[in-house]
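**Student:** What follows is each chain in one-letter form.
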Amino acid sequence: MNLKRSPIVSVCIYSILVVGSVIMLYPFMFMVLASLGSNTDYYSTVIVPIPTQLHLMRYITVFASPTVYLLYWNTFIRCSWYIFINCLVALVCGYVFSKLRFRGKNTIFIILLATMMIPGQVTLIPSYLILARWPLAGGNNIMGAGGHGLLDSWGALLILNVSLVYFIFLMKQSMESLPYEYEEAARVDGANVMHIIFRIYAPMVKPVLAAIVIMTFIGVWNDYLFPLVVISTPTKNVIATGIASLMSKATASGQIPNYPEIFSLSTIAVFPPIFVYLFLQKYFIQAFTATGIKG
Amino acid sequence: MSMKTNKKGLPLHVKKHEGVNPLFIKQRFLRFYRRHRDGVVAYSLLAPVLIYFAIFSVFPVLFVIYLSFTEWNGLMGFPQWIGLRNFRAFFTDLDYVMTLVRAGIYGFIILFLNMIIGFLTALLLNMKIKGSSVIRTIWYLPVIVPFSVVAQMASIILNPVDGVIKNIMLLFTDKPIVFQQSAYWMSFWLIVISVWKGVGHTVIIYLAGLQNIDMSLYEAAQVDGASGFRIFKNITLPCLRPITMFVLITGTINSFLIFEPVQLITQGGPHGATNTILFRIFQDAFKNFDMGMAGASSVVVLIITLILSINQYRVSQRSIV
Numbered sequence: 242m243n244l245k246r247s248p249i250v251s252v253c254i255y256s257i258l259v260v261g262s263v264i265m266l267y268p269f270m271f272m273v274l275a276s277l278g279s280n281t282d283y284y285s286t287v288i289v290p291i292p293t294q295l296h297l298m299r300y301i302t303v304f305a306s307p308t309v310y311l312l313y314w315n316t317f318i319r320c321s322w323y324i325f326i327n328c329l330v331a332l333v334c335g336y337v338f339s340k341l342r343f344r345g346k347n348t349i350f351i352i353l354l355a356t357m358m359i360p361g362q363v364t365l366i367p368s369y370l371i372l373a374r375w376p377l378a379g380g381n382n383i384m385g386a387g388g389h390g391l392l393d394s395w396g397a398l399l400i401l402n403v404s405l406v407y408f409i410f411l412m413k414q415s416m417e418s419l420p421y422e423y424e425e426a427a428r429v430d431g432a433n434v435m436h437i438i439f440r441i442y443a444p445m446v447k448p449v450l451a452a453i454v455i456m457t458f459i460g461v462w463n464d465y466l467f468p469l470v471v472i473s474t475p476t477k478n479v480i481a482t483g484i485a486s487l488m489s490k491a492t493a494s495g496q497i498p499n500y501p502e503i504f505s506l507s508t509i510a511v512f513p514p515i516f517v518y519l520f521l522q523k524y525f526i527q528a529f530t531a532t533g534i535k536g
Numbered sequence: 192m193s194m195k196t197n198k199k200g201l202p203l204h205v206k207k208h209e210g211v212n213p214l215f216i217k218q219r220f221l222r223f224y225r226r227h228r229d230g231v232v233a234y235s236l237l238a239p240v241l242i243y244f245a246i247f248s249v250f251p252v253l254f255v256i257y258l259s260f261t262e263w264n265g266l267m268g269f270p271q272w273i274g275l276r277n278f279r280a281f282f283t284d285l286d287y288v289m290t291l292v293r294a295g296i297y298g299f300i301i302l303f304l305n306m307i308i309g310f311l312t313a314l315l316l317n318m319k320i321k322g323s324s325v326i327r328t329i330w331y332l333p334v335i336v337p338f339s340v341v342a343q344m345a346s347i348i349l350n351p352v353d354g355v356i357k358n359i360m361l362l363f364t365d366k367p368i369v370f371q372q373s374a375y376w377m378s379f380w381l382i383v384i385s386v387w388k389g390v391g392h393t394v395i396i397y398l399a400g401l402q403n404i405d406m407s408l409y410e411a412a413q414v415d416g417a418s419g420f421r422i423f424k425n426i427t428l429p430c431l432r433p434i435t436m437f438v439l440i441t442g443t444i445n446s447f448l449i450f451e452p453v454q455l456i457t458q459g460g461p462h463g464a465t466n467t468i469l470f471r472i473f474q475d476a477f478k479n480f481d482m483g484m485a486g487a488s489s490v491v492v493l494i495i496t497l498i499l500s501i502n503q504y505r506v507s508q509r510s511i512v
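Protein sequence lines, in the order shown, are assigned to chains A and B.
Note that the first sequence covers residues 242 to 536 in the numbering used here.
Note that the second sequence covers residues 192 to 512 in the numbering used here.
Some clues are possibly wrong.
[Unchecked claim] BS3-like cross-link-like pairs, simulated, lysine-lysine; straight-line CA separation at most 25 angstroms:
id: 1; chain 1: B; residue 1: 478; chain 2: A; residue 2: 490
id: 2; chain 1: A; residue 1: 346; chain 2: A; residue 2: 413
id: 3; chain 1: A; residue 1: 477; chain 2: A; residue 2: 490
id: 4; chain 1: B; residue 1: 357; chain 2: A; residue 2: 490
id: 5; chain 1: A; residue 1: 413; chain 2: A; residue 2: 490
id: 6; chain 1: A; residue 1: 340; chain 2: A; residue 2: 413
id: 7; chain 1: A; residue 1: 477; chain 2: A; residue 2: 413
id: 8; chain 1: B; residue 1: 319; chain 2: A; residue 2: 523
id: 9; chain 1: B; residue 1: 478; chain 2: B; residue 2: 319
id: 10; chain 1: A; residue 1: 523; chain 2: B; residue 2: 357
id: 11; chain 1: A; residue 1: 340; chain 2: A; residue 2: 447
id: 12; chain 1: A; residue 1: 477; chain 2: B; residue 2: 357
id: 13; chain 1: A; residue 1: 413; chain 2: A; residue 2: 447
[Claimed, not checked] Sample of chain B residues lacking proximity to chain A, with all beta carbon distances greater than 12 angstroms (derived):
id: 14; residue: 274
id: 15; residue: 275
id: 16; residue: 330
id: 17; residue: 335
[Unchecked claim] The following residues of chain A were derived to be distant from chain B, with all beta-carbon distances above 12 angstroms:
id: 18; residue: 430
id: 19; residue: 448
id: 20; residue: 458
id: 21; residue: 507
id: 22; residue: 515
Honestly, the hints are just simulated from the structure, not real lab data.
Note that the structure is predicted; figures quoted are calculated from it, not measured.
We treat Cβ as the ideally placed atom computed from N, Cα and C, and that holds for glycine.
Whenever a hint applies, use it, and build me the whole structure from the sequences.
**Tutor:** Take a look at the structure:
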């Protein structure tokens with residue numbers, strides 16, 4: 242709108258937005274400042290703890306502990322696997338549903354879309370039981386009884402919730418707008434299906450792939466409920482559950498809790514997604530406004 | 192496509208019918224493949240995906256429906272069929288019904304505040320102010336960080352013994368409020384934290400919607416001498432309607448299934464007064480080992496979410512057309 246604003250209105254708008262932003266940032270500021278100071282600084286907090294001297298080495302000591310860096314390593318492997326498999330499934334299924342013509346296509350696609358309406362939390366218990374009773378794994382016999390199955394193992398961390406149907410849907414939508422001529426030319430030259438998908442179509446849908454990578458990363462990094470249910474050994478834990486349990490353990494023990502350490506734990510859990518966000522902001526906005534899937 | 196062949200290079204199974212030209216069968220196979228190439232390729236590519244979805248998406252739903260009619264600890268033995276007893280227990284026990292109602296109330300308040308605050312902030316950010324991208328970035332930060340860590344931090348800050356909020360209250364009064372004893376205060380904090388976590392997402396979506404509105408509509412309205420309020424009411428709001436439906440669809444179920452803050456901040460307390468349905472399912476399944484009851488609650492949640500999403504889908508179809 243080209244309306245001229247009076248300075249008073251401008252000041253009002255700015256002050257509302259700035260106050261809002263300070264509220265949004267407050268926990269982050271609190272966390273970083275508390276992690277840098279000492280415990281005495283924390284106990285004399287009024288609004289945010291003001292560190293009297295900076296303890297930057299604390300981050301290194303916290304991170305060097307095996308219970309913490311293993312969390313990172315596990316989460317990293319988990320993120321990479323889900324990113325790989327989600328991109329793969331989305332590309333292949335997107336191609337199949339958009340470019341190939343075969344009997345039953347629409348029926349299968351509608352069934353897949355219908356599974357999207359079922360929230361993952363509802364199938365939490367059956368999924369857990371399927372993993373626990375997985376035949377011939379973790380001491381189970383062929384009937385799936387006797388052992389703990391895939392629970393508390395990499396299998397449980399890597400098998401659930403592979404490929405959200407939404408990614409397939411997104412990929413199908415964007416592939417449908419691509420021209421068929423490239424594929425035709427490649428077929429004449431004798432290219433096989435894999436070649437067509439990964440050499441011809443994949444480069445053309447890079448923005449969608451970027452969106453899938455980002456959403457998968459954020460989703461897996463923040464995934465809490467499933468790892469909480471299926472993992473019980475601390476060394477097999479992931480960030481979202483591991484850091485939370487370390488934090489609660491540190492506050493629950495009898496002596497005075499070491500608050501700076503607790504907050505440095507939370508800082509190192511929170512900052513990787515923020516860095517990814519700040520560097521890939523352009524794709525982020527695109528990805529999340531296009532789909533509305535929350536991280 | 193490669194067939195097993197004998198020494199002469201003819202397909203094995205042809206040997207029995209000497210009269211048939213072996214090449215004819217190969218040709219027929221090739222012709223079938225060429226004619227149905229798309230189908231063969233599609234089904235062989237889709238097969239692993241379909242099997243996966245059958246095991247981990249469709250089967251669990253059927254399994255949870257079966258579980259809801261049984262009694263089972265999930266550890267050993269097999270589920271015992273007990274008919275509708277779980278559902279009867281669910282709807283006659285006030286505890287269960289209240290977890291459901293509470294999740295609905297929390298979900299409604301969280302979504303309502305989310306949309307109001309998100310919409311107003313998006314309106315302000317859209318007023319061509321300097322540094323709007325920085326502010327937008329800041330508002331979006333909470334959305335992408337792990338909710339569990341945030342909730343854990345909140346429970347430390349709200350700690351009744353040495354939490355920071357208590358220190359701040361001590362500056363003003365001698366008797367600080369112990370939030371943990373009051374269901375209203377704990378609900379308040381649950382809602383505040385959930386809104387804090389989710390509002391950035393709404394801002395981004397509304398901002399995208401506002402920026403997509405055709406500027407010529409505003410110009411035409413100004414030429415016609417419409418006032419600012421009337422422009423807002425007759426152009427901005429109708430143009431944002433699809434976006435509002437979208438936020439509603441994605442937001443309702445998300446807010447209804449609130450879990451992390453309940454588990455990490457209140458643990459359903461005091462005395463189960465902030466217990467929500469998902470936390471109850473979690474407790475039933477993994478603390479009380481009552482898979483049948485957890486299954487019954489899951490089925491109730493499933494039915495509610497299905498009704499919500501079908502209804503909202505229909506409403507959204509209507510409003511876009």
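**Student:** Take the hints in turn and mark each one as holding or not.
**Tutor:** Hints, one by one, checked against the model:
1. Distance hint between residue 478/B and residue 490/A is fulfilled; the C-alpha atoms sit about 19 angstroms from each other, no more than 25 angstroms.
2. Distance restraint check for residue 346/A and residue 413/A: the Cα-Cα separation of roughly 12 angstroms lies within the 25 angstroms cut-off, and the hinted pair is therefore satisfied.
3. Between residue 477/A and residue 490/A the CA atoms are separated by roughly 17 angstroms; this keeps the pair inside 25 angstroms, and the hint holds.
4. Distance restraint check for residue 357/B and residue 490/A: the Cα-Cα separation of roughly 21 angstroms lies within the 25 angstroms cut-off, and the hinted pair is therefore satisfied.
5. With a C-alpha separation of about 46 angstroms, the suggested pairing of residue 413/A with residue 490/A is violated against the 25 angstroms cut-off.
6. Our distance criterion of 25 angstroms between C-alpha atoms is met by residue 340/A and residue 413/A, whose separation comes to about 9 angstroms.
7. A hinted pair counts as satisfied when its Cα atoms are at most 25 angstroms apart, and residue 477/A with residue 413/A does not qualify at roughly 36 angstroms.
8. This hinted pair checks out: residue 319/B and residue 523/A have alpha carbons roughly 19 angstroms apart, not beyond 25 angstroms.
9. Distance hint between residue 478/B and residue 319/B is unfulfilled; the C-alpha atoms sit about 53 angstroms from each other, more than 25 angstroms.
10. Restraint check for residue 523/A and residue 357/B: the C-alpha separation of about 40 angstroms exceeds 25 angstroms, so the hint is violated.
11. Restraint check for residue 340/A and residue 447/A: the C-alpha separation of about 18 angstroms stays at or below 25 angstroms, so the hint holds.
12. Among the hinted pairs, residue 477/A with residue 357/B is inconsistent with the structure: their alpha-carbon atoms are about 36 angstroms apart, more than 25 angstroms.
13. Under the criterion of a C-alpha separation no larger than 25 angstroms, the hint pairing residue 413/A with residue 447/A is consistent with the structure, at around 13 angstroms.
14. Its beta-carbon lying about 19 angstroms from the closest one in chain A, residue 274/B satisfies the requirement of being farther than 12 angstroms from that chain.
15. Its beta-carbon lying about 19 angstroms from the closest one in chain A, residue 275/B satisfies the requirement of being farther than 12 angstroms from that chain.
16. Remark: the non-interface label on residue 330/B conflicts with the geometry, its nearest Cβ contact in chain A lying 5 angstroms away (cut-off 12 angstroms).
17. Against chain A, the non-interface label of residue 335/B is violated: not every CB pair exceeds 12 angstroms, the least being about 5 angstroms.
18. Residue-level check passed: residue 430/A sits 16 angstroms from the nearest beta carbon of chain B, beyond 12 angstroms.
19. Residue placement check: residue 448/A keeps its beta carbon more than 12 angstroms from all beta carbons of chain B (closest about 16 angstroms).
20. Chain B draws residue 458/A into its interface by the beta-carbon criterion, the shortest separation being 10 angstroms against a cut-off of 12 angstroms.
21. Look at residue 507/A: its CB is around 5 angstroms from the nearest CB on chain B, not clear of 12 angstroms, so calling it non-interface is violated.
22. Residue 515/A, annotated as away from the interface, has a beta carbon of chain B within 12 angstroms; the closest lies near 6 angstroms.
Checked against the numbered hints listed earlier, the structure breaks hints 5, 7, 9, 10, 12, 16, 17, 20, 21 and 22; every other hint is satisfied.
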